[in-house]
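Asker: If you want the building blocks of each chain, they are given just below.
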Amino acid sequence: MRLGMVIDLSRCIGCRSCAVACKAHNSQPPGTWWNRVFTPGASFHQSAVGKDGEFQMNFLPVSCQMCDNPPCQKVCPVGATYTDERGVVLVDYERCIGCRYCLAACPYGVRQFNWEDPRKAKERAGYMKGYDYGYPEDYRDQGRLVYTPDRPRGVAEKCTFCVQYTKNGESPACVRACPSKARIFGDLDDPRSEVSRLIRERQTFRLKEELGTEPKVFYLAPAKPVR
Amino acid sequence: MRVKKSSFVLGLGLALMLTGLVTWGYQIARGLIVTDLRNPFSWGLYISTFAFFVGIAAGGLIVSSSVYLFNIEQLKPFTRIASLSAFASTLGATAMILPDMGLP
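From first to last, the protein sequence lines stand for chains X and Y. Its first residue numbered 1, the first sequence is counted upward by one per residue in the working numbering. Its first residue numbered 1, the second sequence is counted upward by one per residue in the working numbering.
If we strip away everything but chain Y, and leave its shape as in the complex, we get (with noise of 0.2 Å):
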């Protein structure tokens, strides 16, 4: 039997959505506190990671609206992918403030 590429890039994707989920879970049942960080070090990987998002979806609509802006007809195509990925990005930064407040 024949698997397709993007079901398996679909499945690893399910997969690690699961892998999250559960330990975002892990996180809500004992508090922040697995998460190692300390009174020192209030912020971590969580917050570099919704500003790492923020800076992606800011990219992607800078890139598509200035090929409208400028109206380059021959990168038109890369408007797509662009707002496409800004909008997800978005999503992800969305996500990412929840599981770094300690009462969301």
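Same shape as in the complex, but just chain X (with noise of 0.2 Å):
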């Protein structure tokens, strides 16, 4: 099994909802972000672009990667990066000592640090007395912590495809939360699963693939009608 995804960038409306349902789900303190939404060329979020006398407005969400040759699973000095049996690029929150050579190695800027304990992150942030979200419990991937609501200060996290649902079966939160269904998600190993049919049918590209880093998240380049 080889868990992946595919954006369709012609139905991505660039309404960010994926990134707001990735935080709320996977708890992250103000000022980190898993999964974000880009316009290509233009210095603001959701501003056309002027090309060749005619405008044009894309969007690119970029979340983790989930490379089959990840470069910040080879740098790691203590192996708190690792592959899943299924494909997922997971931290081990408990052997992670927090040297960031991961940050420096990720050719997507998709790694995001614990500069200081979450629990402060969200208490500067002046939420209501008791207020908290996110999955509220542990989980444990063979006795390695890969999530846990607040994560201790000092370590790398990113995006793990949702690790507390999809190893239920259910899909990440992003996938569940687009709003034009832009994502979809399954194996990739199974020929019979809709992102294989996609990428075998339809034309796809990935993020720097020239890099070598084989990602799993496919993109079905948009094709919106220019005006």
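Treat the hints as calculated values from the structure; they're not laboratory data. The structure presented is a predicted model; accordingly, all values stated were derived computationally and were not measured. Do not take every clue at face value.
Unchecked claim - Taking beta-carbon pairs under 7 Å as the criterion, some of the chain X residues facing chain Y (in silico): (1) Tyr93; (2) Ile97; (3) Tyr108; (4) Gln112; (5) Glu116; (6) Leu145; (7) Pro149; (8) Arg153.
Stated by the list, open to error - Some residues of chain Y that are not near chain X, with every Cβ distance over 12 Å (derived): (9) Ser6; (10) Val54; (11) Gln74.
Every residue gets a Cβ at the ideal spot worked out from N, C-alpha and C, and that includes glycine.
Quick one: dock chain against chain with the hints and give me the complex.
Answerer: Dropping the structure here:
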């Protein structure tokens, strides 16, 4: 089994619901984003880009690309970043020593670091007393702590394909939150899955393919009408 | 009363060391956020100081070993200071790793 995702950029409307759902489900403190949506070419999100006398507006959601050949895993000196049996790149929060080698190695810049205690960052945001968000329980993959609501200070973290949900056969939060169903999630090894069918039948691209990281997140090129 | 120059230098060193330890304690209490490093710039002065010390250590060892390798008699006195500074820099480089890590 090799879990992967296809993102249909013609369907993406840049609403950033996936980023918000990701943040809420994975209990990310203020300032931390595992998942982002950009407007390529524009300095502001949701602003049109002029090209050849025409205006065009496309969006690009970027989260962990779940590389088959992950640079972050190769540089980790303590083996805290690993690939599980379903091809998902995960971080063991109990092993990470916080050297930030992976932040420097990741060509996509999706890794985030806990510069301070996340509880302190949430406190500063001024939520109502007793309010908290995110999946409330720890999740362990064969004894390795890969999800905990408040990560310890001084460890690196990133998108886990919502390991606490996908291990039970559910879809990641971003897939479920997308209002235009731009994200399709499934098994790349199964030739009958929707993701494999899309990759086979449609033209897809991956980010920074020339680096040889072999990402498992595929993009369907946007084909929006030019206005 | 006459104060020796060496004791003044020693006192200055001790004061610097104490400041360093106190600020390190502050960083341990608050987290790496006090360094003002953020996700786009995740490495800073700590790791560059580490590289600096490693360079000095390598340089010192090269100087002392090449003096012995080519058997240059008149440069023999330099080997001691070179080896000593290399050893001190190795200690410094090792120490720089500790504050750089998020979870030492």
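Asker: Out of the numbered hints, which ones does the structure contradict?
Answerer: 1, 3, 6 and 7
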